[in-house]
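For the sequence shown, the positions run 362 to 537 when the working numbering is used.
Simulated from the structure, these hints should not be mistaken for lab results.
Where hints are given, some of them may not hold.
Here are the simulated BS3-like cross-link-like pairs (lysine-lysine), alpha carbons at most 27 Å apart as the crow flies [unchecked claim]: (1) Lys-449 / Lys-473; (2) Lys-500 / Lys-519; (3) Lys-493 / Lys-473.
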Amino acid sequence: MDTNESEKSKILFQNYENLDKPLHPLQNPFFRDYYLVYINTKYDPVQLHTNPNYLAHEYHNYTTYLISLIIDHECLKPNFPPNINVEKYVPRIDKRKNITYRTGNSFIIYRKYFSEYLESLEIRLHQLLITKLSSDYWKNEPLTVKAYYKDISDQINKIYNQQTMDLMKLSPVSDS
């Protein structure tokens with residue numbers, strides 16, 4: 362490992378405090394000490410500190426860079442086959458309201474499982490980012506994985522439809 366790589370590693374694995382709290386971009390050590398130093402070396406430091414739009418744009422580029430790393434290396438991709446309790450994925454029927462819930466297609470089930478997987482790792486991401494990541498992973502999944510999630514989606518639909526039919530049988534018929 363050369364000196365430059367060694368320096369990068371020291372920054373990446375340094376023990377940073379309070380990273381569980383939201384930070385201003387310039388207080389984020391990974392953005393400030395790693396991305397701006399080693400990845401985006403052509404940024405304008407004056408604009409970065411004086412122009413909020415420039416800072417927002419650079420921070421967006423940083424976020425996009427991180428997402429590309431995550432996607433390229435599939436480092437957050439859950440193991441297959443997933444451990445899914447089908448009953449837990451069936452929407453609850455609210456007897457007091459006349460609401461029809463959608464049970465979700467195979468991708469929705471995949472995204473929900475992906476979100477739960479991230480939670481289990483104590484990784485908290487914005488829902489839009491979770492959707493983006495899961496969508497990119499989904500596009501690259503083999504047909505066997507997609508078929509597996511389709512089967513789970515079908516099971517959920519079957520249980521939900523049965524529960525709905527049972528509820529309709531139990532509900533009294535109103536006199537018109």
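Here is how each hint holds up against the structure:
For the hint linking Lys-449 to Lys-473, the alpha-carbon distance of about 11 Å falls within 27 Å, and the restraint holds. Using a Cα cut-off of 27 Å, the hinted pair Lys-500 and Lys-519 holds, with the two alpha carbons roughly 26 Å apart. The suggested pairing of Lys-493 with Lys-473 holds, with an alpha-carbon distance near 13 Å, which does not exceed 27 Å.
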